[in-house]
Every structure is written in structure tokens, then in C-alpha cells.
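Number of protein chains: 8
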Amino acid sequence: MDKIKELGFAKLDLSRSQRTGQSETVFCPGKTKEQLATILKAFQEENIAVLGTKCSAEQAEHLKKEQISVVWDQQSGLVCSEWGKRSVLPGKIAICTGGTADIPAAEEAAGTAEFLGAEVKRFYDVGVAGLHRLLSHIDEIRKADIVIVAAGMEGALGSVVAGLTEAPVIAIPTSIGYGAGFEGIAPLLAMLNSCAEGMSVVNIDNGFGAAVLACRILRMKGKN
Amino acid sequence: MDKIKELGFAKLDLSRSQRTGQSETVFCPGKTKEQLATILKAFQEENIAVLGTKCSAEQAEHLKKEQISVVWDQQSGLVCSEWGKRSVLPGKIAICTGGTADIPAAEEAAGTAEFLGAEVKRFYDVGVAGLHRLLSHIDEIRKADIVIVAAGMEGALGSVVAGLTEAPVIAIPTSIGYGAGFEGIAPLLAMLNSCAEGMSVVNIDNGFGAAVLACRILRMKGKN
Amino acid sequence: MDKIKELGFAKLDLSRSQRTGQSETVFCPGKTKEQLATILKAFQEENIAVLGTKCSAEQAEHLKKEQISVVWDQQSGLVCSEWGKRSVLPGKIAICTGGTADIPAAEEAAGTAEFLGAEVKRFYDVGVAGLHRLLSHIDEIRKADIVIVAAGMEGALGSVVAGLTEAPVIAIPTSIGYGAGFEGIAPLLAMLNSCAEGMSVVNIDNGFGAAVLACRILRMKGKN
Amino acid sequence: MDKIKELGFAKLDLSRSQRTGQSETVFCPGKTKEQLATILKAFQEENIAVLGTKCSAEQAEHLKKEQISVVWDQQSGLVCSEWGKRSVLPGKIAICTGGTADIPAAEEAAGTAEFLGAEVKRFYDVGVAGLHRLLSHIDEIRKADIVIVAAGMEGALGSVVAGLTEAPVIAIPTSIGYGAGFEGIAPLLAMLNSCAEGMSVVNIDNGFGAAVLACRILRMKGKN
Amino acid sequence: MDKIKELGFAKLDLSRSQRTGQSETVFCPGKTKEQLATILKAFQEENIAVLGTKCSAEQAEHLKKEQISVVWDQQSGLVCSEWGKRSVLPGKIAICTGGTADIPAAEEAAGTAEFLGAEVKRFYDVGVAGLHRLLSHIDEIRKADIVIVAAGMEGALGSVVAGLTEAPVIAIPTSIGYGAGFEGIAPLLAMLNSCAEGMSVVNIDNGFGAAVLACRILRMKGKN
Amino acid sequence: MDKIKELGFAKLDLSRSQRTGQSETVFCPGKTKEQLATILKAFQEENIAVLGTKCSAEQAEHLKKEQISVVWDQQSGLVCSEWGKRSVLPGKIAICTGGTADIPAAEEAAGTAEFLGAEVKRFYDVGVAGLHRLLSHIDEIRKADIVIVAAGMEGALGSVVAGLTEAPVIAIPTSIGYGAGFEGIAPLLAMLNSCAEGMSVVNIDNGFGAAVLACRILRMKGKN
Amino acid sequence: MDKIKELGFAKLDLSRSQRTGQSETVFCPGKTKEQLATILKAFQEENIAVLGTKCSAEQAEHLKKEQISVVWDQQSGLVCSEWGKRSVLPGKIAICTGGTADIPAAEEAAGTAEFLGAEVKRFYDVGVAGLHRLLSHIDEIRKADIVIVAAGMEGALGSVVAGLTEAPVIAIPTSIGYGAGFEGIAPLLAMLNSCAEGMSVVNIDNGFGAAVLACRILRMKGKN
Amino acid sequence: MDKIKELGFAKLDLSRSQRTGQSETVFCPGKTKEQLATILKAFQEENIAVLGTKCSAEQAEHLKKEQISVVWDQQSGLVCSEWGKRSVLPGKIAICTGGTADIPAAEEAAGTAEFLGAEVKRFYDVGVAGLHRLLSHIDEIRKADIVIVAAGMEGALGSVVAGLTEAPVIAIPTSIGYGAGFEGIAPLLAMLNSCAEGMSVVNIDNGFGAAVLACRILRMKGKN
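Residue numbers (this note's numbering), protein chains in the order written: chain H, 1 to 224; chain U, 1001 to 1224; chain P, 2001 to 2224; chain L, 3001 to 3224; chain X, 4001 to 4224; chain Z, 5001 to 5224; chain W, 6001 to 6224; chain E, 7001 to 7224.
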């Protein structure tokens, strides 16, 4: 049976982790810092591990002031509870970025995947402008069960990686770029229109979504 | 070693199937019917199974006239070679559609997945306007290893399915709708912005891409 | 006869409430704080109840400094006069949100409807990612004469609610989301393209507009 | 209990009319003519009145050939069953258009409303370029319980009507116009951004949706 | 002969006023405050009257500090030289706004027209939501030789005014609005698609451009 | 007093020409050929000169078959009544095009202006790619009271002409171009953002609108 | 001195070839077949070689019927005069395509470059989905003085080639793709946002423009 | 052989300058100031000249604090190492701007070209609104081997320059403008759709990219 905790401004699904085998997550933007604190405390009371995404510095500071035992990572914006039980997933995720500036989105993916129990291997700054950087790591990338690619600008890295590996590829367009990059529209469209097969796409800068999908795949893999 | 067949207007990768364990595919639009026939014959000579996507009636008729032993499915636009060896993949894919008009995209996914060796189960016309249609099949959908959801209009089915299952969900926005649907932009954006976790998105009407990704996942699953 | 008060920068319609049975409203953005104060004072002199929308903190502070007897609600941005007569409307409005972050738009609707004399019942954080949260409240929602749904991200809640109720549904797309949500375009398009019947849409974050329409409906209902 | 008729490509909801008090409707585009005929026959077997929208000439011809007793209206694209029971709704709907070219969308609304049991009064070609055409009918329009406004080009008629009446206004942007009208985007945006209160918007050319919403309102009105 | 003053970062056209009968103007955005001061001083040396548009507070403050004898109007962002000779133009321009928030754009037009020698009459806050406000002033508006209409939101005022007058109408879409107003795109499209005849459009918030065109018309009128 | 002829699908304003001094016009797209014929006959009965715009070949053929005495010009799509009285306007309009392909829009302007009584001088194919073509005619263009510029592709001709003349300039962006011209969006945006002063813009391909505005200006000029 | 031939609907620049060293070109779309024939004949009379672009089958047929001695290439849409003198340019241009469907745009570039006197080497179907196809030809591509890359879908080939060569790269986005490719917008944005250096972009499908620019570069190179 | 320096968050390509004859460049946005400093130091250790683009004031200050011997130019945002060897390129680049506000983008191009060893000649504020400013410098511009044109607003300068010179033209649309300029979309589209031949386009405000391409052209020129 579904157990919901009613907070008025939020309805917490306390039985999801039991139902789905995945811990809880909270989307922080648009919530007041007080609402966020209240939500995290509610999970703490039930000892359910919880991950917050895109948590601002101001929100993180408030959580600290309220002495809620969470860890905030500035680069990825993730906030992870120190309480609760975590799962372990089989298999390995490779996470690649086109450039250094794509790392925040990649780290959101990496941190989420690690929180959910997956093993992650990072390959940062391997964009197509200097293809040998990618080619010198491709054998290692090919060993992963799933590849996540975060790239801004023209987002070509996704296509190139998907063409060079057999693993499922999840592409994260990032908002890195300027002018006609339109805050990530350019790589988003590029990734949706990839001539390479075996890739799908999540929202711009949605490292979290890519990681959750990757973990669903690993969990499914682990079932048989 | 990579074996490429040079046709001038095309360079066929004859060793990919060996390399990746997946048969060859050909994107038919923009190719003349003569080019398409030449490409298919080249694969036939090598006895490599090949799948053509978005094949027009005119192209299909030409292939027939040229007596190339392929099967064309009008609804999905797929053309499958009758020659060549096919793989078999472990696991099962559920394919859902919001409405009847989304079936062509769904059948492109289904036909591709079946060509690549996967088992497919269809759940058509289970859109959110009448939620009980979906709920009455949800237990069966939950049994699949992967769920593909094809939906046009507001594309809400993806979110609802992803919220009700634990399997990875691949969403296909379809061009069904009119006015402010903008030929599939509305469901594309909706699916990219889903509040539900565990879903990623392919191009509008890209049933093929969703199926290839699903088969990569099943193949990966089968490796351990 | 129409009585207009001429302020130079604004022409106030002092007889509308008499004509239409609805109190006056003022759109605050783009007005200087001095202009806003002058407008409110003009209504106060005539003892006509007035509601200001999207009032900024700076504007509200100025009104306070000028000792104009209004109440400002930070979350909704509404400012309500304490003077003037209010109507009472028959019937009941249910207001639902997809998530916690949609509450400001919903509260703009709720506060406006209450100012105009309607009874409001709130159902917050019932988005489609966890459908059981909605389903556990659906019987109560069905009792309302009109349902207002505020949702950002993919905006699917509108379709699901419209499919589950018989009441007219007014959808408010909110600017909640990021990346390809495009500040509310994603839910706006989703809601305009809903496969569910019986729903119409107002501007992004326009809780005010949804509430005024709902009250027109209730007023019409009350006439016979 | 929900009774669903399974056709493979479609799942018909045969108990909706019982549940919601509204007859069934079918969105024709994207369905093959054979699928459409099968669906209509299924409703005929159950003697449930059914309305098809945006039915093409080719589809209508096939229905005629199949001797299904429906009436097709070329201008509106509506196809109405001659079988089944119809409801009668209290109140009256006024339907206005900006110009002659907006009549097809308006007639889709009018025909749908009449099919669902509402009384309709038409005010065509009353656009804002010649305001006296509207003003000379405004007293009659004010007598309606609900006003539907269909307008293309700059879509200003909605705002003007909403400013002149107290009834709820439902605006239908039409695809009439050219160039920077962008197939209805211009009036859609105009209607969403109306400075007049009490109006909401449906999809471009969605006369059907406007009428269904209007009928939900009338049905709600009739309940008390 | 053309006399150009070379400043390195700018090439001033000192003979234009002689050539065209119109004083000089400077577009301030994107220029450093030092560049702006240098340009104004160069015109001062030649005693050529000059108008700066969209001048920021920071730029204006610098001009003051540099003791350049100009007048800055905060609302319109115009900065006018106190030196130089001004022309006088025949005829009269009516400037209307939809609401109070459109006044800055309207004042940019009014100030520019007055700088260029035209007589201006202001009709502010006469938007279509309360049509009687416009109708009560229409006789006076009809007396103008040219009408400029500044309106944001749905920008309907342009169409209504053009339908009620015989004068040429120049429409200024303003960036007033929110959500699907898209910073002035909604009124821009509405004004471009007007069903009323005799109107043309300038850039969003381009009061300056509307006024210069109006003054060209008045100057042309004065020639015969 | 306003005399309106009620046709059901249209309300004809028979007193406008008397009121405004301008003959009647009919926008043909979206009207059935029968509706168009009925409208034209109604004007013929009253002996009011009428101009139809964007009239299709099919519509024109029907008018011919119905023996309505109108002249249809294929290039511009204009249909002019042979009955009714025409005005004569003072002054002269220069109409320029960037290239040969812009001539249909320019001819819509020219034909309309001539129908309304203005004198027109054509300067076709004087685009900026070969500036000497324009410069060799600029003295003659400068003699006009108003300049209309029709240009597609990058639409730069408007800016160049406005910079070289003192007359008011009305710019018509045309749909000529391909790819990122987006059916006229590129020249539309270019013309709206012109760095040259004294120009305003009408809808894409709206030669009619440019001409009507030009004639309003000439009529105003003629008044004093 | 500039010699212009006046045709009324066109002004031919007969001295450009003398001035610029480049033969004449004609953009065929939007011209009637009669206008096109007249223009070509005018050049023939002067014995000036001329190239027509994007010439339709209907136009080509008319030219043939009129016995104008030109050669039309269906794939590229180019029509080349058989009269007139051609130049020879130093250096070599490599033209690459991502896929077979991009060949028409590439052939427009190749045919134009050859008409203008350049040597062209074709590398077709070397897209990034199968990188070894490109890598096996990269040494030969590196020998070219300029590289033109035509690619649709995600347009990643441009970035990869620019990263692997030192020559200037001119990218042609093609309209090949579907759904969120938006007729070439996806590769256009990708190419504009390339993380690789040394590349610029022409309009979608503008093979002609890429070739003319390449030939200007070769001509400049030949000058010293 | 390729020598890559691994920094974890970046992989520096230390042999590129050897391979391509061009010094290294770093895109500064999205990098933390610490990352930027580390990257520059790594190049300094190898004594490889390096150029940083779009470097913020905050980043520049940090570099200064860290005593890294670079020069930062506020206007262009370029940061140039004082270490390392620079090349010298043959030929000359002319850089034009439409207005004063386009200078930052032009200076990014000029500074980059100078860093890479090219000779640059500046022609600022020669936009088409006052054509004589351009024409009085055109002879000098024609002497350049390559012309770079930076222009915002309607971006017409590119077309006019390309029509008046024989050199290859590289166009930089700038984000200068407002309203429907959409941060540079208007000049971007204008430049892509130029009716003038021999021009290609880089990203909005991408002075760097234009200069690198120009230098590739000069380097190629120098080879023979």
C-alpha cells in the first residue's frame, strides 16, 4: 500500500523506495528554503535516503543552519542525505564530457548514479575538436555497460561516441555555448537528430535524469 | 578490420554487424530509388540482413520491380531483407501508444525491434484522456524489461507510464496533433521536461531510434 | 453611464464593478510605485475594493510606507484592498498543482478567486509522476464546480484531471522547469494540445486570469 | 464499472457517456478510413451517439460507401452519427468570428455544441477592423451564457468581446492569415496575452475543444 | 558634400542635418559612457542639435559629471542637447497607449517627435479591455495627422484605432506583458497581422523609430 | 450613419468609402469561391468599387464564369472591379524591389496604390548585392513622396534606401529565399531592426498593406 | 564603368565578370520561366558565361524548348551556359558529405566550383556515425586547400573535419533529416556552435554560396 | 605523435601548435577561475603561447592575483600569454563594423588575428545607414586579402561589403540591438540569407572564430 506523508505544500511518497528499489529525490528549484528543509526532515524521520537536485547555495546554507545532516556539492548542485540505506547496482557507467565547462552537468549525473549505487568512470574534456583525446580512451569507454555523454556547443560528441561503442548511450545537452547555442538548444537538436544509432536524449543540463535512467537499466540488468 | 564497400554515393560498412552484433540499417529518405536498390543489392551480395526505414511507396515499388527480396510494411515504412541471419535478444519490450494515430511510429519501433531479435508486446490507444485504459494493462506493462511510449498531442503518456513502472522508458514524440502541436514539438518538449524519472527521448516519429536503443540495452543485459 | 477617473497616466473605470458585478483589478508590473499608490488611493476614495496582481516587494513596501490599507501576499504577489465591498459567489473551485513549485501561480488563482467571492479548495503536489497522490484525492476534486490546474514541466496534470472529472478545467502552465521547458512553453503547448476534452488554457503563470474566468462561470451559474 | 471495447488499434470507452453525461467523440486525423469505419460501427452496435472531428473528404466518402448512417459537414469537418440518444443542455452559447474565413473553426464549435445539446447563436464577421459591426450586435451577444470567439490574423476580437461582456469567453485562434501569422501563432499569442479578463484559449482551430468546454460549463450550471 | 568627423570608434555625419533637414541622433546602448560623451561633445563643437536614445542612468550620470549641457528623461531614456537649432514641423501626432506600462515607449516617441519639431497629443491608458475609454477620446484622436499606438500584451489597440481613423497609424509593440508575451513578440505579431488597414509596425519598444517616421511624413506633407 | 449589408457569412460595410474616402477591399483567402462572388456582387449592386487581394486562380476563374466584371492580375493576385468610382490622390509613390522574385509583392502594392488613386513609379531589381544598380536610380527615387521597398533574402535594401532618402519608407519583407530565410522571417527581422531611420514594416508579402498606408499618407497630405 | 542591361523586371550587371573575374550567376526560384529565359538570352547575346542555381525541372524544360544552349543537372539543380569563357583557379577543394542524401547540396557546390574554374575532389558518405569511413580518407582530404562539408541531421561532420585538418572549412547545413531537424535548423545551429576552430557556415542547402566563397579564396590565393 | 597533458578536468593538446602551426586557445566561459589558471600555467610550463577568449573580469583578476604573465583586454575579453613564440602570416585582414557598439566583437577578431600573426586594418562605424561612410573607405578595404564584417541590428553591412569587394568575406553577427533583434538572431539570419555572394557566417559575437578562419586562409595562401 502507498504511504503518503501530507505536508500541505507537498505530498511525500514514503513507500516509493520500497516499491521501486530506488531512493527518494527532491527537485529543489522553486521551493522555499523552509519548504526544502521541512521535506528533508520528513524523510530523515523515516530514515529514507534522499537526494536533492539543483540545490542553490542559499538553500544549502539554510540546510546547514538547520543542522540537517546532508552533504552539498557546489559543482553539481546535488545535496545528499547522510542517513538512510543505499542500494548497490551491477555494471558500470562511463560519463564523458565534450569540455571542461560541461563538467557540472556530468557531475550531476555522476553524483546521482553514485547515490543510487552505480559505479561511475569519468572521461572529461574529450570533445570532437581534438578527436585523438577521445580515441585514446575509447577502449576503456567501450567497457562500460552504459555511456552518458554531456556536451554543449554543437553536441557532436554524442554521435561520435554512439558510433564507436555498442553500449546504450544517453546524451545530456548542456547549456554551455553562446549566441546561436541558445542556452542548449543547439546541442539538444543535434543529439535528437543524431545519425548514429543507439542514443536517446534528456533535457538540457539534466544530468540527474540521465543517471536515473542509467540506473533503471542497470537495475533491470541485475534482475535476471 | 573494417570492411567498407565503396559505391561512390555511399560507403557501406560491411563489418559493422560483425563488430557490433547488430544488422545493418538504411535511412531511405533523400536517396533516389536507384541508389536505394543498389545499396540493398550490395548487402544482399554479402548476405547481410538489412533494414530500411521510412521507405516511401515509390521506393518500395521500385524495389519490387527490381525483384529485390524485401518485405515492405506500409504502416511503419519499414523494408526488411529476407536474406541474412538475424540475432535473438533476451528480454521483452512493451510498446504503448497514446492513440490510434500514433501506431505508425510505434510500429516502426516494433518492426525494428523484431528485426533486431527482440520480443515485443503492444499496448495501443492507452492515452491519459481515459486513464482506466492504461491502468487495466499496467500490470502486464510492468513485466517488460523496457517500455517504449509513442504519443503525440501533449505527450503525457510517457510521464504517466514512467511514474507507474520501474523499467527504463524510451519516449517517442509523434507528429500527431495540429495547430500548436507544431508537428510534434509539443510532445517532444513535454517528454523532455517530464516530472517523472527514468525516461529519455528520441526524435519526433523516430520509432527506429527508440527500438535500436532498446535492443542495445537488451544486448548489454544479455552479456552477463 | 461609464464613470472614468482621469489620472493622466491611467484612466480608471469606476463604474465597472457596478456594470459587471466584479471588483476592480490592477496589473502592477511596469507601473512605478508612485503610479500604483496613486491608483489605489483613487479607488480607496471611491471605496471600491481593488486587487493588484504580480505586485513586487518594492512596490508593496512603498504602499506600506504610504499607509495604504492593503494586504500583500508575498507568495502570490497579490495585494488586496481592505476597503470596499466584496461579492459572494455560488459554487466551489478546486485548485490543483503538479508540484510544490507551482504553488505561487496556484495561490495567485486562489487569492483572486477568494477576493472575488468564490470558495476554493486546494490540492497541491498531486502531479502525474506519482499518480496515486492524485487518485487518492480525485473524489473530492470531482465535487468542485470548476477545476483549475497549475503545472509546469510537462504540464500533464491538466490532461489527466480533465480525463477524470466532468467539470470544466482551466489550465495554468507555470514557468517551473528548466532547459527545454523554456520558461513555461513546454506545459503551455502540452495543455493546448491536450487529448483530454473540456479544458482551456490561460497565459503562463496567469493564476489571476484563470480565477477571473472561473468566477465569471460561477457568476453565470448563479444567475438562473 | 468501465466497459472498454478492444479493437486492437483502439480501445473504445463505452461507458463514458453513462459516466460523464456526454456522448462519444472521435478524432479522425491519423486514422485510416478503415479504422474510422470500424470504430463508428462499434459505437453503432452499442447505439451510442458519436461525433467525429476533422474528418477528411476521403474518410467521409468511405463512411458513405460503407453505408454507415452518419452526416458529414464539409465546412466544419464534423461527422455526426444518426443513431444514439442526445442530451439537452440549459443556457445559450454565442459564437462570434472576426471574419468569413474563420467560419470553419466556428462551425466546428457550433456543430459540436449542438450535437452535445446546447443552443447556439452565430455572430459571424464582426471583427475589430469595423467595430460598429460588433457594437451593433453586442446587446444580443451579452445575453448568452458563454461566448466563443474564433479569430485569426491578430486575434483582437477576443479581447474586445471579453471587455464588453460579463460572460465567460472561450477564444479559438484560427490559422487564417499569412506571413508572420505563422498558421495561427499570432492570434494564439494575442489571445493568451489578452489585457481583457475572463477569457481562456484552446488550440488553434480547435472549435471542438471550445464547444466541449462550453458544454461542460452549461452542464455544471444545470446541476444546481 | 558629406562632412564626416572621424573619432576612430565612430564616424559622425555632420552634414546630415543640412542634407535631410533632421537633427542628429545617437543610439546609446553598447557605447561606453566615455564614447558617448566624446560623441556628444563633437556635435556640441559643431553646434548641431543631437538626441540620444535608450540612454542608461549610468551613461546619463557620466554626461552630467562631464558637464555636457543635455537633459535626460528617465522614463523615456532620451537625452536631448540644449544646444543647436531645432526645426518646426506642420501637423499633429496623436500618441495612444494601451496601458500605463506602455508609457515609456510612448514617451520615447513623444520626446523624439517634439525634439524633431512636431506637435504631440497624448492619449494614455485607452486599451481595448475597456473600450469606452478609447471611444470617449476617438473624436480628438481623429483630428491628428498621424496616430502612433504603443501597446504590449496582445497589442489589439493598433487594429482598433486603425479601424476607427483615416490617418496613417504607426504601431509600436511594447515589451509589456509576461509568459507567452515573450518580451513583445505577441503584440509584434498581432500588429503585423492586423485585419485593419493603414497601419505599419516598428521594432518592439522602438518609440524613437515611430516618431522619426512620423516626422518624415509631416516633413513630406509640409513640402507642397 | 453606418450602413451594413448582412450576408450571414459576411457583414459588408457599405458606408466606409463615404466615411473614409477609400474604396472597399476584400481579403480573398479562406473564402469559398461562392462567398467571394456573392460579396463582389453585393458591392456591384451598390456600385461601390472594390479590390480583392491574394485571389487564387480558382477563385478568379469562378468570378469569370459568373460573369462578374472584374480584372484579375495573376502576378499580384489582385482582382479589381470595373464598376464604381475611383479617387485620385496627390503625390507619387516609388516602389523598389531587391530582385525579380520580389515583384509579385511589389505589384500587389503597385496595383493597390493605383486602384486607390496614387501615381506609382517602379524600380525593380535594385538589390544591395550590386549597389550601383540602386545608386544609378537614387535621384529619381528621392523625388517620390513615399518609398515602398519589397525585399526578401536578407532584406537589406530597406535600410540602404532609408539611409539615402528623406521620404518615409515602408518596407515589405517578402517570402523569397530558402533555408534560414524561413519564408520571410529573415527580411522581416532585418527590416524591424534597421539601423536606418524613417522606416516601418508590414507583414511578409503584404504589398496591399503597404500601399493602403502609403495612400493614407497621401490623402492626409492632400488635406491641407 | 558599370554596364547594366535593363530588362524591366531585372537589371543585368554585364561588367561584373570584368570587374571581379567571376562569371555571372542567376538565382532561379521566384522567376517565371519566361523571365529566366529572357535573362539567359541576354547574357548569351553578350557571350558572358552564366550559371543558374536551384533551377526547377519546369524551368529547365522551358529553356530546352526555347533552345537555349545550357546544360541542366537534375541532382544539383544547376544550369550552366555552354557559351562564354571560363576562368581557371589555382588549388583544390575537397567536398565531403555526411550521407548520401546530402549529395544534392554537395553537387551544387561542386558544380558551381567547377563552373568557376576550381578543381574539386568528392568524399561522399563519410559521416560521423561510422568514423572509420572518414578516417580512411582523411589524409587525402588534408591535401585540399579548402574543405567544404555538407551535412544534415546533427551536422557533426563539420566539427570533426575542422578538428582534423588545417585548411579553412566551409560548412553547408542540409535540410536532410526529419522531426526536430526542422528542415536544416539542427545542423545549422550545430555548425554555428562548433567547438572546432576554422569553420564558417552558409545558408541551409546553399552549396552555391559555399563554392563561390571557396573560389574567392582560391582567387585571392592566386594573386600573390 | 599527439602529446596530451591530463589535468583531470581538461586534456591539453600540447602538440597541436606543432601539428597545425597555430598556437593554442582556451574558451574561458564555464571554467572556474582556478581551472583557467591551472590550464594557463600548464601551457606556460611548456612555453606554448596561448590565447583565452571571452575571459571575464573576475577570471582576469584571478590570473593577475596568481601572477600569470598574461595581458587582458577588457573590450574584447581576450587574454594573451606573454610567453611562447608567435607566427607571422602573409596578407592583410580588413575588419569593418556597422556601428560603435559592434567594436567588442570586432576587437575579439582583431586581437585574435594579431595574436595568430596576421596584419589587421580596422574600419569601424561604416554601417549602411550612412552609406557614404563606407564608400569613402571602400578602396582601402578592397586592398585586403580577407574582409571580416561585424554588424548587429539588421546586419546589412555584410551584404553591401560582399557586393563591393572581391575578397572572401566572413560575417560576424553581433548581439547589438533590442526587441526583435533577439540578441543577434536578426543579423545572423540576414547574413545567412545574403543576396551577395562570397560571404559566410560565424556564431553571434564570435570574433574569435572569424579570425581563426581568416588566419587559416592566410596560412593556406602562404603555402604555395
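Because the hints were derived from the structure by calculation, they are not lab data. Be aware that a few hints might be false.
[Unchecked claim] In silico SDA-like cross-links for lysine to any residue, where the CA-CA straight-line distance does not exceed 25 Å:
1. Lys-1121/U <-> Gln-3035/L
2. Lys-6065/W <-> Lys-6092/W
3. Lys-33/H <-> Glu-2183/P
4. Lys-1003/U <-> Arg-142/H
5. Lys-41/H <-> Ser-17/H
6. Lys-54/H <-> Phe-7009/E
[Said to hold, decoys possible] Distance ranges between label pairs, derived from CB positions:
7. Pro-4090/X <-> Glu-5119/Z: 42 to 52 Å
8. Ser-5136/Z <-> Ser-4015/X: 38 to 48 Å
9. Gln-2075/P <-> Glu-7046/E: 35 to 45 Å
10. Leu-4135/X <-> Gly-3222/L: 48 to 58 Å
[As the list claims (entries may be wrong)] Examples of chain U residues toward chain P, derived with CB under 7 Å:
11. Gly-1117
12. Val-1120
13. Ile-1138
14. Ile-1141
15. Ala-1156
16. Asn-1193
17. Ser-1194
Note that beta-carbon positions come from the ideal geometry of N, C-alpha and C, so glycine has one too.
Going down the list of hints, with the structure as the test:
At roughly 21 Å between alpha-carbon atoms, Lys-1121/U and Gln-3035/L fall within 25 Å of each other, so this suggested pair holds. Taken as a hint, the Lys-6065/W and Lys-6092/W pair is broken in the structure, with Cα atoms around 36 Å apart against an allowance of 25 Å. Taking the CA atoms of Lys-33/H and Glu-2183/P, the gap is near 21 Å; set against the 25 Å cutoff, the hint holds. A distance of roughly 20 Å separates the Cα atoms of Lys-1003/U and Arg-142/H; the hinted pair therefore holds under the 25 Å criterion.
Taking the CA atoms of Lys-41/H and Ser-17/H, the gap is about 17 Å. The hint holds against a cut of 25 Å. With a C-alpha separation of about 21 Å, the suggested pair Lys-54/H and Phe-7009/E falls inside the 25 Å cut-off, and the hint holds. Checking the proposed 42 to 52 Å range against Pro-4090/X and Glu-5119/Z shows it is violated: the Cβ atoms sit about 23 Å from each other. Against the hinted window of 38 to 48 Å, the Cβ-Cβ separation of Ser-5136/Z and Ser-4015/X comes to about 23 Å, which falls outside the hint.
For Gln-2075/P and Glu-7046/E, the hinted distance range of 35 to 45 Å is not satisfied, since their beta carbons lie about 56 Å from each other. In this structure the supplied range 48 to 58 Å is violated for Leu-4135/X paired with Gly-3222/L, their Cβ-Cβ distance being about 37 Å. Of the supplied interface hints, the one on Gly-1117/U is violated, with its beta-carbon coming no nearer than about 33 Å to a beta-carbon of chain P, more than 7 Å. A cut of 7 Å between beta carbons decides the hint on Val-1120/U: the least distance to chain P is about 24 Å, and the hint is violated.
Proximity of Ile-1138/U to chain P is violated relative to the hint, the smallest CB-CB distance being about 10 Å (cut-off 7 Å). Checking Ile-1141/U against chain P by beta carbon gives a least distance of about 14 Å; that is not within 7 Å, so the hint is violated. With 7 Å as the threshold, the beta carbon of Ala-1156/U comes within range of chain P, its nearest partner Cβ sitting at about 3 Å, so the hint holds. Of the supplied interface hints, the one on Asn-1193/U holds, with its beta-carbon coming within about 4 Å of a beta-carbon of chain P, less than 7 Å.
Interface restraint check: Ser-1194/U against chain P, minimum CB-CB distance 5 Å, threshold 7 Å, status holds.
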